[in-house]
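So the sequence lines, in the order shown, correspond to chains F and C.
Number 91 in our numbering belongs to position 91 of the first sequence; there are no gaps in the numbering.
Our numbering runs 626 ahead of the 1-based position in the second sequence.
One or more hints might be untrue.
[As the list claims (entries may be wrong)] Label-pair ranges, simulated between beta-carbon atoms:
id	chain 1	residue 1	chain 2	residue 2	range
1	F	Arg332	C	Ala652	18 to 28 Å
2	F	Asn369	C	Pro640	34 to 44 Å
3	C	Pro774	F	Leu427	14 to 24 Å
[As the list claims (entries may be wrong)] Pulled from the structure, derived: some chain F residues nowhere near chain C, Cβ distances all over 12 Å:
id	residue
4	Ser161
5	Phe218
6	Val337
Honestly, the hints are just simulated from the structure, not real lab data.
Ideal Cβ placement from N, Cα and C applies to all residues, glycine included.
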Amino acid sequence: MFKQREVTKRIGFKLTAAVGLMTLLTIGVFAYFNIRSHNDSLLAEVERHASQLSDAVRSATEYDMLHNQREVVHESIKRMGRQPSIQRIRVMNKAGRVIYSSEAAEIGQMVDKNGESCYKCHSAGRPLERLEMTDRTRVFRLRSGGPRALAIINPIYNQQSCWTAACHAHSRSQTVLGVLDVTLTLAEVDKDIRRGETEMAVFALVAALSLSVIVAFFVRRWVDKPVEELLAATRHVAGGDLNYMIAEKRDDELGMLARSFNNMTQKLSDARLQLFQSDKMASLGRLAAGVAHEINNPLTGVLTYSSFLLKRTQNQPEIQEDLKVIVRETIRSREIVKSLLDFARQSVPKKTEVDMNQVVARALVVIENELGLKNVKVEKKLDPKAPKATADANQLQQVVINLVVNAADAMAPKGGTVTITTSALNLSPVGTTQIKNAVCPKRHSLIDNEVRIDGKPSVRLKARSEGNEGFVYLNPMYGMDGHHPGISYDVEKGVQFVCPECSTSLLVEGRSCPKCRAPLYAFEVPSKGFVEGCARKECSWQRWEAVDATGQREFVELSVRDTGCGIPKDLRAKIFEPFYSTKGQKGTGLGLSVLWGIVDNHNGTISVDSEVGVGTTFTVRIPSKA
Amino acid sequence: MRKERDILVVDDEPVVTQAVERICTAEGLTVDSAYRGGAGLALLDERVYRLVVCDIMMAEVDGFAFLAEAAKKGVRTPIIMTTGYSTVENAVRSLSCGAIDFIAKPFTADELLGVVRRGLKYDEIMRETVPPAAARHAPACLAYVPCPAKYDRLGYVSWTVMEERGTALLGVSDLFLKTIGGPARIKLLDVDDEVFQGQTCASIGSSDGAEHPVMCPISGRVVAANSDAVADPAIVEKDPYFAGWLYRVLPTDPAADLPHLTSCSSDRM
Numbered sequence: 001m002f003k004q005r006e007v008t009k010r011i012g013f014k015l016t017a018a019v020g021l022m023t024l025l026t027i028g029v030f031a032y033f034n035i036r037s038h039n040d041s042l043l044a045e046v047e048r049h050a051s052q053l054s055d056a057v058r059s060a061t062e063y064d065m066l067h068n069q070r071e072v073v074h075e076s077i078k079r080m081g082r083q084p085s086i087q088r089i090r091v092m093n094k095a096g097r098v099i100y101s102s103e104a105a106e107i108g109q110m111v112d113k114n115g116e117s118c119y120k121c122h123s124a125g126r127p128l129e130r131l132e133m134t135d136r137t138r139v140f141r142l143r144s145g146g147p148r149a150l151a152i153i154n155p156i157y158n159q160q161s162c163w164t165a166a167c168h169a170h171s172r173s174q175t176v177l178g179v180l181d182v183t184l185t186l187a188e189v190d191k192d193i194r195r196g197e198t199e200m201a202v203f204a205l206v207a208a209l210s211l212s213v214i215v216a217f218f219v220r221r222w223v224d225k226p227v228e229e230l231l232a233a234t235r236h237v238a239g240g241d242l243n244y245m246i247a248e249k250r251d252d253e254l255g256m257l258a259r260s261f262n263n264m265t266q267k268l269s270d271a272r273l274q275l276f277q278s279d280k281m282a283s284l285g286r287l288a289a290g291v292a293h294e295i296n297n298p299l300t301g302v303l304t305y306s307s308f309l310l311k312r313t314q315n316q317p318e319i320q321e322d323l324k325v326i327v328r329e330t331i332r333s334r335e336i337v338k339s340l341l342d343f344a345r346q347s348v349p350k351k352t353e354v355d356m357n358q359v360v361a362r363a364l365v366v367i368e369n370e371l372g373l374k375n376v377k378v379e380k381k382l383d384p385k386a387p388k389a390t391a392d393a394n395q396l397q398q399v400v401i402n403l404v405v406n407a408a409d410a411m412a413p414k415g416g417t418v419t420i421t422t423s424a425l426n427l428s429p430v431g432t433t434q435i436k437n438a439v440c441p442k443r444h445s446l447i448d449n450e451v452r453i454d455g456k457p458s459v460r461l462k463a464r465s466e467g468n469e470g471f472v473y474l475n476p477m478y479g480m481d482g483h484h485p486g487i488s489y490d491v492e493k494g495v496q497f498v499c500p501e502c503s504t505s506l507l508v509e510g511r512s513c514p515k516c517r518a519p520l521y522a523f524e525v526p527s528k529g530f531v532e533g534c535a536r537k538e539c540s541w542q543r544w545e546a547v548d549a550t551g552q553r554e555f556v557e558l559s560v561r562d563t564g565c566g567i568p569k570d571l572r573a574k575i576f577e578p579f580y581s582t583k584g585q586k587g588t589g590l591g592l593s594v595l596w597g598i599v600d601n602h603n604g605t606i607s608v609d610s611e612v613g614v615g616t617t618f619t620v621r622i623p624s625k626a
Numbered sequence: 627m628r629k630e631r632d633i634l635v636v637d638d639e640p641v642v643t644q645a646v647e648r649i650c651t652a653e654g655l656t657v658d659s660a661y662r663g664g665a666g667l668a669l670l671d672e673r674v675y676r677l678v679v680c681d682i683m684m685a686e687v688d689g690f691a692f693l694a695e696a697a698k699k700g701v702r703t704p705i706i707m708t709t710g711y712s713t714v715e716n717a718v719r720s721l722s723c724g725a726i727d728f729i730a731k732p733f734t735a736d737e738l739l740g741v742v743r744r745g746l747k748y749d750e751i752m753r754e755t756v757p758p759a760a761a762r763h764a765p766a767c768l769a770y771v772p773c774p775a776k777y778d779r780l781g782y783v784s785w786t787v788m789e790e791r792g793t794a795l796l797g798v799s800d801l802f803l804k805t806i807g808g809p810a811r812i813k814l815l816d817v818d819d820e821v822f823q824g825q826t827c828a829s830i831g832s833s834d835g836a837e838h839p840v841m842c843p844i845s846g847r848v849v850a851a852n853s854d855a856v857a858d859p860a861i862v863e864k865d866p867y868f869a870g871w872l873y874r875v876l877p878t879d880p881a882a883d884l885p886h887l888t889s890c891s892s893d894r895m
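Work out the full structure: start from the sequences and follow the hints.
Set out below in structure tokens:
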């Protein structure tokens with residue numbers, strides 16, 4: 001649509017047309033002067049030839065004229081006039097009468113002295129006696145439409161022999177006796193010139209056309225295509241596909257433009273995500289404020305009246321017990337609403353250098369009593385050399401308290417041991433870096449927000465094997481074991497990995513997994529290089545060179561292990577979602593999602609490992625330098 | 627002569643005004659209610675009150691507008707703010723705008739009575755100490771607190787002063803101590819605990835058995851708590867601005883906290 005309608009407005013067309021026109025103009029100007037000088041030299045040649053011919057005719061007839069043999073002169077001129085290149089030969093006397101002519105009909109006629117052939121000498125009134133060569137010749141057409149002709153006049157000067165001749169035809173005082181006028185046809189010369197002109201025109205056209213074609217080819221290749229790609233990309237991005245990336249395969253300015261476009265899109269995508277997140281938090285905040293306001297008013301009624309009643313009925317113990325329950329539970333509701341408000345106001349953490357061991361110690365002081373009541377023993381394995389983290393101490397304390405209380409609840413009612421471990425951790429990026437963006441060679445996003453692995457959007461590929469096809473979901477944490485195939489396949493019997501949208505193959509040709517020799521798949525993480533991985537379900541080999549190159553990072557790791565009931569596998573992904581609770585009416589369901597938010601705010605990770613009936617371990621890793 | 631009543635409660639929730647009426651009436655106080663800020667202001671013109679309890683989130687005239695209007699009218703009745711959307715920001719803003727106290731909803735009867743008693747006592751003290759002539763010209767937004775120059779205060783409750791080492795000292799005002807009738811017990815947080823502006827940082831028990839929360843004037847980490855004050859609360863009553871300090875804190879963001887405080891130097895002008 002766009003392409004067809006506006007061809008004349010495209011850069012390629014304009015450039016090509018400009019080059020074509022310039023070529024045409026240059027060759028045209030060159031050809032014009034070239035043809036002109038060629039014509040001039042041709043004409044000069046003809047002139048020289050005519051002059052020689054004219055002299056020859058004069059010499060040939062001189063003798064006969066002196067001897068007044070008119071018939072011989074007539075015959076000689078007639079014969080000479082039959083030459084194909086000679087149009088006519090005539091001799092005029094001083095009065096302008098034609099005395100001899102190769103065309104018999106002309107003899108005896110008068111020529112007009114002001115006529116074109118006489119003008120040169122007679123224009124000044126008194127006839128000139130001597131003429132330059134160029135003035136003696138003239139080019140004209142005998143009849144309109146006919147071939148051109150070149151005429152040369154040759155004055156016949158008075159000589160001694162003329163007035164001493166027997167016929168005494170001329171007196172001694174005369175200077176010019178008459179004029180010999182030889183006319184040559186220029187038909188051949190004109191043909192020559194026309195051929196030259198035609199050749200030049202054809203050459204100019206062919207040169208302009210071929211240059212245009214060559215320019216069009218390179219413009220198409222170097223300008224049009226990349227510009228079209230850029231245009232397509234802007235349309236994709238404008239349409240909301242912020243994962244769309246242009247292949248960065250060129251080193252010129254358009255390549256740089258493509259790179260900076262990708263960079264911009266990436267930044268835009270990040271900003272949109274942040275905006276979306278903060279928008280979500282803002283609306284949650286408004287919701288929480290509304291809920292808090294609406295609920296707190298009726299709660300005020302309940303709490304004031306019940307506590308007032310409690311004060312007034314101090315001598316009625318049977319009512320007192322019931323009222324105390326109402327007051328206690330209303331106060332608990334108040335705390336829940338307060339935690340909702342706290343969640344909504346989860347702001348940017350105030351980060352300082354925090355010693356995780358101190359955080360643990362302080363958190364335990366807060367919940368000491370509660371743990372005692374629940375018959376929970378705490379075993380601390382704190383590493384004094386654990387690095388300090390740049391973090392919000394209060395938020396981390398909230399994380400520890402929540403994890404320990406959850407652990408205690410998981411072991412209720414019989415109690416057990418909670419083991420809290422802190423340790424220093426130097427981690428390669430493997431397992432600590434999340435693949436947040438992934439695209440196929442045709443730029444379709446492979447991220448699936450619906451299917452989450454440990455709460456994170458997975459990378460979705462399509463697998464084809466033995467005529468079956470289905471989706472394979474990869475763990476987005478780099479290097480983590482994680483094929484979650486929607487179909488079963490056997491790599492030994494051949495498997496194809498393709499983009500779910502465009503079916504472009506994602507398998508790497510010619511190389512195989514260094515661990516198990518199975519085929520490799522690869523996809524691009526825009527502006528962060530390629531991730532390669534093993535197609536075998538049981539093999540977790542992955543390589544992400546761009547990230548490997550950044551080297552190891554220091555973390556402080558906190559793990560809280562309980563000997564409780566464990567979490568079934570299918571629930572593990574859900575536990576970090578808001579309002580998911582296993583505690584029924586006891587919990588508010590905000591706990592783990594709040595922890596998730598805090599840890600994520602610190603660029604850390606939180607993960608869970610659990611075995612039903614054996615226990616659960618929550619592991620939090622916070623980078624030592626944020 | 628305008629009719630004198632004890633308490634005016636302004637809240638758009640009837641259940642709240644009724645509860646306040648019920649509890650305060652049982653204590654022998656006279657209570658009027660208004661369901662709109664405008665109606666409350668009209669009542670302030672008609673009658674003289676000893677104390678106002680006002681909600682923040684109301685349609686039309688909200689709590690802050692009510693505070694500003696009352697100040698414009700030259701009303702000297704102490705005002706206590708309350709809201710269901712009880713954020714630290716709301717509490718601090720209330721105090722910096724001239725309210726004498728803040729109570730978060732929902733509250734118990736004892737919590738309400740604690741605030742009301744302190745408020746009435748405050749009114750009593752102000753009537754005794756400030757001559758009526760001066761009172762007419764004094765803006766209601768400024769409570770008269772004789773704290774030392776260079777000190778900053780949060781409402782009339784607590785004070786803070788920056789020390790040379792970058793730490794800040796904080797404590798309670800003598801006016802607050804007077805409203806609770808002298809401290810009998812003091813409960814403080816531990817060293818290394820965090821305190822936040824507008825949140826409760828200490829609890830002072832009065833001789834009648836009630837507990838009075840102290841709103842913290844500045845956010846920071848506690849580097850020292852005055853154990854002498856805990857051991858002998860009389861020190862605080864005798865010398866609340868020097869020997870009777872409560873905490874020495876390392877402030878987290880004094881630049882953000884100080885604008886919410888009132889400079890004690892300005893009280894002297």
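The hints, checked one at a time:
1. F:Arg332 to C:Ala652: 18 to 28 Å: holds, 26 Å
2. F:Asn369 to C:Pro640: 34 to 44 Å: Given about 40 Å between the Cβ atoms, the range holds.
3. C:Pro774 to F:Leu427: 14 to 24 Å: For proline 774 (chain C) and leucine 427 (chain F) the Cβ distance comes to about 54 Å; the hint is violated.
4. Ser161: holds, 129 Å
5. Phe218: Non-interface label on phenylalanine 218 (chain F) holds, nearest chain C Cβ at 61 Å vs cutoff 12 Å.
6. Val337: violated, 8 Å
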